[in-house]
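Protein chains in written order, with numbering that gives the first Met the number 0: chain A, 0 to 316; chain B, 0 to 316.
Worth double-checking, as some hints may not be accurate.
Result set (DSBU-like, lysine-lysine): computed pairs, CA atoms no more than 35 angstroms apart in a straight line [unchecked claim]:
id, chain 1, residue 1, chain 2, residue 2
1, A, K88, B, K272
2, A, K307, B, K128
3, B, K128, B, K209
4, B, K129, A, K307
5, B, K209, B, K279
6, B, K34, A, K201
7, A, K272, B, K117
8, A, K307, B, K88
9, B, K117, A, K201
10, A, K88, A, K201
11, B, K307, A, K201
12, A, K26, B, K307
13, B, K26, A, K307
14, A, K307, B, K209
15, A, K25, B, K307
16, B, K34, A, K307
17, A, K201, A, K128
18, A, K129, B, K279
19, B, K307, A, K209
20, A, K128, B, K307
21, B, K201, A, K307
22, A, K117, B, K307
One side only, chain A facing chain B, incomplete, derived with CB under 8 angstroms [claimed, not checked]:
id, residue
23, T156
24, V160
25, G188
26, Y189
27, R219
28, S268
29, L296
30, Y299
31, R315
Computed beta-carbon distance windows for the label pairs [claimed, not checked]:
id, chain 1, residue 1, chain 2, residue 2, range
32, B, E67, A, T24, 46 to 56 angstroms
33, A, P6, B, K88, 29 to 39 angstroms
34, A, G207, B, V171, 39 to 49 angstroms
35, B, D5, A, T30, 58 to 68 angstroms
36, B, P6, A, R200, 23 to 33 angstroms
37, B, D5, A, P76, 55 to 65 angstroms
38, A, V160, B, G233, 48 to 58 angstroms
The set of hints was computed from the structure by calculation and includes no laboratory data. No residue lacks a Cβ here, since even glycine has one placed at the ideal position from N, Cα and C.
2 protein chains.
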Amino acid sequence: MSTPMDPSIDILISEVGPRDGLQNTKKIMSTDYKKRWIDAAVEAGLREIEVCSFVPPQLIAQMADASEVVAHALTLPGLNVAALAPNFKGAQRAMQAGVHKLTLTISVSTQHSLANVKMTPDEAILSAKKICAFRDSLPAGQRPIIESGLSTVFGCTLEGVVDEDAVVRMAVASVEAGCDEVGLADTTGYANPEQVRRVFRKVRQAIGDKLSGAHFHNTRGLGLANVVAALEVGVTTFDSSLGGLGGCPFAPGATGNIVTEDLVFMLESMGLKTGINMDKLLAIRELVAAGIPDEPLYGYVPLAGLTKGFVAASSRP
Amino acid sequence: MSTPMDPSIDILISEVGPRDGLQNTKKIMSTDYKKRWIDAAVEAGLREIEVCSFVPPQLIAQMADASEVVAHALTLPGLNVAALAPNFKGAQRAMQAGVHKLTLTISVSTQHSLANVKMTPDEAILSAKKICAFRDSLPAGQRPIIESGLSTVFGCTLEGVVDEDAVVRMAVASVEAGCDEVGLADTTGYANPEQVRRVFRKVRQAIGDKLSGAHFHNTRGLGLANVVAALEVGVTTFDSSLGGLGGCPFAPGATGNIVTEDLVFMLESMGLKTGINMDKLLAIRELVAAGIPDEPLYGYVPLAGLTKGFVAASSRP
């Protein structure tokens with residue numbers, strides 16, 4: 000991993016709820032609620048939050064306050080402030096706002112890439128190269144870590160099966176374009192644990208420790224199963240979303256992102272330190288629910304409660 | 000495994016819906032619906048079904064037709080007809096009905112054992128010994144395989160943490176009592192993948208291939224993650240329930256058993272043959288929903304659909 004990991008934790012949870020979780024909501028969460036959510040997440044122990052995406056406000060009104068949200072997040076000590084950008088213009092705005100980490104969405108499948116960012120995968124790599132060059136032109140201290148967030152890595156709703164060699168090629172091309180890290184995203188909820196092990200191994204063989212984290216969706220209920228597989232092949236950074244907000248739900252009840260609460264419970268139960276306090280994490284749901292009252296929140300641990308006698312790994316010396 | 004595995008499959012799914020899934024329903028599923036469900040499950044490729052439990056009808060009216068359901072299931076060629084019994088009397092009735100496999104519920108935690116079967120764990124072992132002796136007294140061809148279904152193996156809602164050495168002791172005691180197999184059940188949804196790997200390894204070290212399958216609940220969303228962990232340590236038999244029916248839900252939305260549809264999808268996607276046809280399996284939900292219209296059905300794949308380009312391992316030569 001290129002992002003330095005806090006030595007007191009085993010696994011870095013990157014909370015993507017304020018970005019991935021809010022961009023498709025029916026009601027727009029107010030800037031004030033976003034700030035309170037981010038404050039509460041940091042208070043619960045989260046070290047990295049993807050706080051927004053820099054997309055045209057006329058396309059996604061939910062992200063119109065991106066710069067203000069970043070400015071607030073930057074006041075919180077110890078927080079790695081991440082944001083997403085689909086193109087050069089968005090990346091410029093993100094860097095002007097002062098994000099620590101910038102994730103570029105680069106689809107492996109051509110159809111998804113065209114639909115999502117109006118570029119072919121090769122054009123998206125050229126755009127990444129331009130963005131990295133712009134970043135390198137900034138004064139030291141203003142240069143964010145740039146992550147290539149490879150999308151549709153495990154399958155595409157438009158194209159179906161995605162060629163694993165193409166994934167490796169795009170990972171290598173991302174690094175050659177100047178990206179510091181490459182994350183692998185199961186944008187569509189297609190991944191299975193066997194494939195996760197295989198693809199992460201292949202990409203690591205090609206780009207070594209430039210391979211960063213995993214972004215899994217729970218569309219077919221395999222999200223945490225895929226985390227277990229990724230842990231086995233050495234992945235230590237996972238994206239997740241409070242209440243499973245966001246993602247690409249195909250049908251009512253089919254959730255998007257993996258649920259931060261369930262993920263942290265699983266890891267802490269397994270003896271892996273996330274640095275996150277479960278009780279404080281669970282309490283954030285109420286705040287988020289109040290901020291977007293019409294949105295369903297997912298997750299099992301919030302309903303079932305912690306197990307009797309639960310001791311979080313992070314609470315052990 | 001003591002139960003001979005069909006050589007054409009990699010993983011045996013033991014459908015427990017007609018037993019575990021129906022014993023707590025608000026409306027009682029009619030015998031006719033139960034028979035149609037079992038027929039449809041066999042038609043979809045399921046090789047083993049726990050069709051009922053032999054409990055006192057005055058306690059669980061849902062199982063009053065146990066013998067009739069077994070009689071019907073026994074007419075289906077190739078089906079391993081399993082049933083559950085909590086005590087000697089129930090076990091006798093199950094054997095009289097002619098089941099192929101009889102699972103005894105034996106709790107590792109004392110409090111759960113007393114609450115569930117009014118015996119201490121040691122008394123339950125003595126009961127198992129008596130049941131196995133009775134079985135051995137039957138004419139050849141009428142002796143079912145007897146499985147010790149160890150409950151609360153991964154934690155107990157009453158006692159909290161369950162001692163892993165106690166699990167091993169109860170597994171050994173079950174074998175010494177005459178049980179052919181020992182299955183490990185996460186009755187309460189407490190298990191995590193690390194614990195699953197560790198406990199299955201310990202029990203296998205103690206009783207070798209008498210260790211049979213895993214029975215996981217999805218109460219905290221970790222059901223399929225625990226399956227992945229169990230696969231790693233060589234488990235090849237999994238209980239699951241169509242629509243996730245049954246189990247011990249603690250709260251609305253917290254499901255019980257792992258969902259057969261999602262489990263089969265995951266395994267087949269991973270390249271593991273279950274012998275089950277996904278489309279036929281998914282079609283059973285409608286029948287079950289009609290038989291118990293007020294009961295919520297769980298599962299992600301039924302909502303999201305199969306992935307584009309999905310090819311089941313079982314459909315490959």
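Do the hints match the structure? See the list:
About 48 angstroms separates the Cα atoms of K88(A) and K272(B), which puts this hinted pair outside 35 angstroms; it is violated. A C-alpha spacing of about 32 angstroms is found between K307(A) and K128(B), which places the hinted pair at or below 35 angstroms, so the restraint holds. For the hint pairing K128(B) with K209(B), the CA-to-CA distance comes to about 16 angstroms; that is within 35 angstroms, so the pair holds. A hinted pair counts as satisfied when its Cα atoms are at most 35 angstroms apart, and K129(B) with K307(A) qualifies at roughly 34 angstroms.
Straight-line distance between C-alpha atoms of K209(B) and K279(B) comes to about 32 angstroms, which keeps the hinted pair within the 35 angstroms bound. A hinted pair counts as satisfied when its Cα atoms are at most 35 angstroms apart, and K34(B) with K201(A) does not qualify at roughly 48 angstroms. Only pairs whose Cα atoms come within 35 angstroms are accepted, and K272(A) paired with K117(B) is rejected, the gap being roughly 40 angstroms. The suggested pairing of K307(A) with K88(B) holds, with an alpha-carbon distance near 33 angstroms, which does not exceed 35 angstroms.
At roughly 54 angstroms between alpha-carbon atoms, K117(B) and K201(A) are farther apart than 35 angstroms, so this suggested pair is violated. In summary, the hint linking K88(A) to K201(A) is supported, as the alpha carbons are separated by about 32 angstroms, within the 35 angstroms threshold. This hinted pair checks out: K307(B) and K201(A) have alpha carbons roughly 23 angstroms apart, not beyond 35 angstroms. A C-alpha spacing of about 31 angstroms is found between K26(A) and K307(B), which places the hinted pair at or below 35 angstroms, so the restraint holds.
Using a Cα cut-off of 35 angstroms, the hinted pair K26(B) and K307(A) holds, with the two alpha carbons roughly 31 angstroms apart. Only pairs whose Cα atoms come within 35 angstroms are accepted, and K307(A) paired with K209(B) is accepted, the gap being roughly 30 angstroms. Among the hinted pairs, K25(A) with K307(B) is consistent with the structure: their alpha-carbon atoms are about 28 angstroms apart, no more than 35 angstroms. About 39 angstroms separates the Cα atoms of K34(B) and K307(A), which puts this hinted pair outside 35 angstroms; it is violated.
Pair hint K201(A) plus K128(A) holds up; C-alpha atoms about 23 angstroms apart against a cutoff of 35 angstroms. This hinted pair does not check out: K129(A) and K279(B) have alpha carbons roughly 51 angstroms apart, beyond 35 angstroms. A distance of roughly 30 angstroms separates the Cα atoms of K307(B) and K209(A); the hinted pair therefore holds under the 35 angstroms criterion. A threshold of 35 angstroms between alpha carbons decides the hint, and for K128(A) with K307(B) the separation of about 32 angstroms falls inside it, so the pair holds.
A hinted pair counts as satisfied when its Cα atoms are at most 35 angstroms apart, and K201(B) with K307(A) qualifies at roughly 23 angstroms. Between K117(A) and K307(B) the alpha-carbon distance is near 22 angstroms, which keeps this suggested pair within the 35 angstroms criterion. Residue-level restraint check for T156(A) holds (minimum Cβ-Cβ distance to chain B is 6 angstroms; threshold 8 angstroms). Among the interface hints, the one on V160(A) holds; its C-beta lies about 4 angstroms from the nearest C-beta in chain B, closer than the 8 angstroms criterion.
The beta carbon of G188(A) comes within 6 angstroms of a beta carbon in chain B, closer than 8 angstroms, and the hint placing it at the interface holds. Restraint check, Y189(A) versus chain B: the minimum CB separation of about 5 angstroms is within 8 angstroms; hint holds. Of the supplied interface hints, the one on R219(A) holds, with its beta-carbon coming within about 5 angstroms of a beta-carbon of chain B, less than 8 angstroms. Contact between S268(A) and chain B, as hinted, is supported at the beta carbon level, the nearest pair being about 4 angstroms apart and thus within 8 angstroms.
At about 10 angstroms, the closest approach between the beta carbon of L296(A) and any beta carbon in chain B exceeds 8 angstroms, and the interface hint on this residue is violated. With 8 angstroms as the threshold, the beta carbon of Y299(A) comes within range of chain B, its nearest partner Cβ sitting at about 3 angstroms, so the hint holds. Interface hint at R315(A): violated, since its Cβ lies 14 angstroms from the closest Cβ of chain B, which is beyond the 8 angstroms cut-off. Between E67(B) and T24(A) the Cβ separation comes to about 52 angstroms, which falls inside the hinted range of 46 to 56 angstroms.
One distance hint, 29 to 39 angstroms for the beta-carbon pair P6(A) and K88(B), is violated here, with the actual separation near 60 angstroms. For G207(A) and V171(B), the hinted distance range of 39 to 49 angstroms is satisfied, since their beta carbons lie about 47 angstroms from each other. Checked against the given bound of 58 to 68 angstroms, the beta carbons of D5(B) and T30(A), roughly 60 angstroms apart, stay inside it. Our hint of 23 to 33 angstroms for P6(B) and R200(A) holds, since their Cβ atoms are close to 30 angstroms apart.
For D5(B) and P76(A), the hinted distance range of 55 to 65 angstroms is satisfied, since their beta carbons lie about 60 angstroms from each other. Taking the beta carbon of each, V160(A) and G233(B) are about 29 angstroms apart, not inside 48 to 58 angstroms as hinted.
Violated hints, in rising order: 1, 6, 7, 9, 16, 18, 29, 31, 33 and 38; the structure is consistent with all others.
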